[in-house]
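2 protein chains.
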Amino acid sequence: MQISLLTNPVSLSDEFLEELRTVVEKRLSTADAVCFQHGKDESWHASVPPDAVVFAHSTDEVSEIVKICARHKIPVIPYGTGTSLEGHVGALHGGVCIDLTEMNEILTVNAEDLDVTVQPGVRRKQLNEHLRDTGLFFPIDPGADASLGGMTATRASGTNAVRYGTMRENVLSMVVVMADGRIIRTSSRSKKSSAGYDLTRLFVGSEGTLGVITEITLRLYGIPEAVSAAVCPFPDLESAVNTVITTIQCGIPVARIELMDEVQMKALNAYSKFDYPEQPTLMFEFHGTEAGVKEQAEMVGDIADDNHAGEFQWATKVEERTKLWQGRHDSYYAAMALRPGSKGMATDVCVPISRLAECILETRKDIDEQELLSPIVGHVGDGNFHCCFVMDPDDPDEMARVEGVNTRMVMRAIEMGGTCTGEHGVGIGKIDYLVAEHGEALSVMRSMKIALDPDNIMNPGKIIKL
Amino acid sequence: MQISLLTNPVSLSDEFLEELRTVVEKRLSTADAVCFQHGKDESWHASVPPDAVVFAHSTDEVSEIVKICARHKIPVIPYGTGTSLEGHVGALHGGVCIDLTEMNEILTVNAEDLDVTVQPGVRRKQLNEHLRDTGLFFPIDPGADASLGGMTATRASGTNAVRYGTMRENVLSMVVVMADGRIIRTSSRSKKSSAGYDLTRLFVGSEGTLGVITEITLRLYGIPEAVSAAVCPFPDLESAVNTVITTIQCGIPVARIELMDEVQMKALNAYSKFDYPEQPTLMFEFHGTEAGVKEQAEMVGDIADDNHAGEFQWATKVEERTKLWQGRHDSYYAAMALRPGSKGMATDVCVPISRLAECILETRKDIDEQELLSPIVGHVGDGNFHCCFVMDPDDPDEMARVEGVNTRMVMRAIEMGGTCTGEHGVGIGKIDYLVAEHGEALSVMRSMKIALDPDNIMNPGKIIKL
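Chains A and B, in that order, give the protein sequences.
Residue numbering for the first sequence is 0 to 465, as defined by numbering that gives the first Met the number 0.
Residue numbering for the second sequence is 0 to 465, as defined by numbering that gives the first Met the number 0.
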C-alpha cells in the first residue's frame, strides 16, 4: 500500500482557506499568535504551530472540515485545552488545527443509567458542576481542568484511577469523525456488549491519529455518602510504598493513594503553605458509607503502623480536602517554584506493583547521582509515578543528564513488565520508546493506522511514525 | 486492496497435511467424528466441520501452523471448549481447526500484582482450583466451565460482571499469533498504560478473526472475607427489575444480581429439586468484609421491601451457595427438561438499565403472544438478559415464530440504546444484526479486519462478512 509521507506543506492556499470558511465562516484564524498557542501544550516541548486554526461547532462541521483536508491531503490536529504533556498538539507537518473548545455542551444526563453524553470541549470541572444536583459525579481527575475530549484521546487517568479506573474503563461510547469525514458511533451505551471489535477502546488513547472525537458518553458514579482524606508521613520511601502494596493486595477499595517524596513535600509546604513533615508521604482518600469509610481507614491505619508510619492527619471537611488535593494537583507548579526561572519535565512510567518500590528507589538514586532536582509523585496504587525534573532547558549538560535519567527510568519500567507512559500518552515525547515496549506489536498498530488513515493526515507524527 | 473471498476449498492436499505434520507430528486428525465435533458449539447451530484438526502445544507451534495455512490461504479456526453459543467455531469455508485445549498450563501466578498468566486452554474452574491456596480468585463466570482463551475471544462475562466487569476489564495482556504467523504481545502487564493503540481490548472479543490468542494475563482479586447469597421472590417482573435498578443507582457493590422469571423458577424447582416460590425472583450475592456484606444486604433488603418483595432466603454456607449458583448455571438444562426432546436457543441482549423493565416486559409479552415456551433469565445488574427458547427445530412454523421474537427482541434492544449481544458474541448467529447496531462503524471494523488479515483466513465468516 502507498503511504504518503507528509513533509511540511507550504502555506495553505487561499482557495483551501476559502473552502474551510464555507464551513466555519469567521471561525478561522491564521494569526501567528493563535497558531503558536495551538502548536504547544503544557510541556517543555517547543510550539510547532499549525498553518490555520478553525473553531468547530458541531460534528457535521468537523466532518466537513476533515473532508476538505482529506481532499487536499492537509494534516488535521484536534485541540482541546492544550494541557497534554508529551507534545501531542504540535503540527509537525503543518496543517489545520481543529479547536474543539467551543463544542462544550453537556448533551444528555441519563441519571438512571449513570451516564452522560458530552461534547469534547466540556471540561471535567464544568461537568461536575453541572452534575452537582443529581448526586452523581465523574471521577477521573488528571489534575488539570482538561477537556473530556482530550482526556479521552490521551487515555488520561490521575488520582482516582485506583478505584474508578482510567478513561479506558469510563468511556462508554463515542462519536468519531474518521479520516475521510465519515461519522461513526463506536458502540451503544449499554454497559456490556460483545458485538464486534471494540472501537470505543480503540479510540480511547488514539491521540487524534485515527479520527476526531466529537461526542463522548461517560460513566458516572453516585457521590459517596462519606469521604475522608488523610496525610501520613513515613520514615523512608520503601515503607510508604510497602504500605501501598499491602493496601492494594488486601483489596481495600481506597479511592486515592498518592505518594509524594520528601523533595515534593518540601515544595508543597513552601508553595501551598502547608506544614507537613518533609518526609516521604502518602495521601489517602476513602469513599463509601460512613461505616465503610471508617473500616477502610482503620485497615489502612493498621497497615501503615506495621510500616512505621508517622501520625495520620485527617481531612474530613470539604474545604480541608479541597485544599489538600489542590496542593497535590499543584505539585508541578510547586516543584517549579523551587527554582525560579526553570522549566519542568514530567516523566510518567507505570510498573506492576511488586516492582514499584525497586523502580522508584533506583530512579531516586539515579536522580541524586546525576545531581538533578526532581521531586517524585505517584498514583502509586496503580504502580504509576512521575519525576518532575526542574531544569534549565538552555543548559545542554543538564539536559543531557535529564534525558539520561528519563531514558533509564523508561527502560527500567519496561524491563520490569511496565510501560513507558502510564497516563500522559505518547505524543512526540514517548514515540521512540514504543519500539522497546511493543516490539512486533507496533507493526500491528501501524497496519491499523494505515488502514484507517491511509493518507496519514490525522495528527501525523504522533504514536506511529510512517 | 484485493480481498480474497474464500469459498469452500476442496479437501486439503496431502502435501499440505504433511507440512502441518512437520509441526504437530501425530497431533493431527482428519477423522470425520473429530472434525464434526470441532465444527460445532453448544448452540443449536449445525456442525460445519473443518477439514482437519490439529492439537497445538505452544505459541511457536501455532505460529508455524498459521504460517503454513497463510501460505496456502487455508482458513484457521481456533477452538477451546466449544461452549460458545452463536456458532463461533463452524468452519464455514473449511480449513484447519487449531484445538488449544492441550495448551492448558498456568504459567505464572503473580500474587503480589494480583495477576496470572495462563495458556488459552486453561479452564476457569481449573484456574480457581489452582489459585485456592493463594487467597485469590478469578471472578468471571459465564456458567460453562469454558477455556480462558475462548472467554477472552468472545468477551465473555456472566453473573459476576456487575461487580468485577467482563473479560474486557479483566484481561491485562495477551500473546497473539497474527494471520501471517507473527507473534505479538498486546501490552505490558502494568495496570494502566497510555502507550499507543489498545491492542489488548482489540483482541478481546475478536472471536479468532484477527489472530490466535496463545497466552493471557488476567487480573485476580482477593477472595472476599465474607460472602452471602440470598433468593427473593417478587409479585411481578417489574417489581424485581425496579429493585435491581435502584440497587445499581445507589451504587451498592453487589457481586451478583440475577433475575429468573416465573417460568424459569418452575423449571429450576423441577430440575434442581428446589422449593422456591414460582414467581419472578432475584438471586443476590454480596462480597466484602463481614460488616460490609451485612450493610449491603440491609440496604438491598430495604429496596426490595419498597418493591413488595417476598421473604429473603439466605445462603451463607458454601454448600448452600454452590447449590444455588449451580441451579442458576443449569437454567439452560432445566429449561430443556420442561419439554423432553426439545432444543434450546439462548438469546442475549443488553440495554441501558433505565429501559430494562420495559425491554423485558415487551419481550415476555411477545413470547406469550407467540405461544412459545421461553424462560427469561438475566444478569440484570448490567441490563443484560436472555430468553431461552425451548423449541422443536423441525417445526418450521414454531421456528419462524422463534426467529420473529428473537429479531424483535434484538431490534428493540438496539432501538433502546442497547446491543444485540451482551456477552455471547457474534459468531454467525448475530452477524446480520451488526448493520443495525453499528451502521457506518461496521465499515471501520471491516477495514481493520482487512488490514490485519488481508487474505481472510482467520475464522472467516464470523463478525465481519467480506
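If you're looking for bench data, these hints aren't it; they were derived computationally from the structure.
Do not rely on the hints blindly, as some may be mistaken.
Any copy will do: because identical chains look the same in the list, a pair fits if it lies in one copy or spans two.
Said to hold, decoys possible - With a Cα cut of at most 25 Å, we get these calculated SDA-like pairs of lysine to any residue: (1) LYS316 x CYS249; (2) LYS124 x GLU18; (3) LYS66 x GLU439; (4) LYS124 x CYS249; (5) LYS272 x ASP393; (6) LYS272 x SER62; (7) LYS293 x GLN325; (8) LYS72 x GLU439; (9) LYS464 x GLY180.
Here is how each hint holds up against the structure:
1. In this assembly of identical chains, LYS316 and CYS249 lie within 25 Å of each other by CA distance solely across copies; the values are 23 Å between and 27 Å within a copy.
2. When the C-alpha separation of LYS124 and GLU18 is checked against a cutoff of 25 Å, the pair qualifies neither within a copy, at 36 Å, nor between copies, at 62 Å.
3. For the identical chains of this complex, LYS66 and GLU439 are inter-copy neighbours only, at 16 Å across copies versus 33 Å inside a copy, given an alpha-carbon limit of 25 Å.
4. In this assembly of identical chains, the alpha carbons of LYS124 and CYS249 lie at most 25 Å apart only when taken from different copies (23 Å versus 32 Å within one copy).
5. Proximity of LYS272 to ASP393 under the C-alpha cut-off of 25 Å is found in neither arrangement, the shortest distances being 31 Å within a copy and 80 Å between copies.
6. For a Cα distance limit of 25 Å, the shortest separation of LYS272 from SER62 qualifies neither inside one copy, at 49 Å, nor across copies, at 60 Å.
7. Taking the shortest alpha-carbon separations for LYS293 and GLN325, only the intra-copy value of 24 Å comes in at or below 25 Å, while the best inter-copy value is 36 Å.
8. Taking the closest pair of Cα atoms, LYS72 and GLU439 come within 25 Å of each other only across two copies (22 Å); inside a single copy the shortest separation is 29 Å, beyond that limit.
9. Taking the closest pair of Cα atoms, LYS464 and GLY180 come within 25 Å of each other both inside a single copy (22 Å) and across two copies (23 Å).
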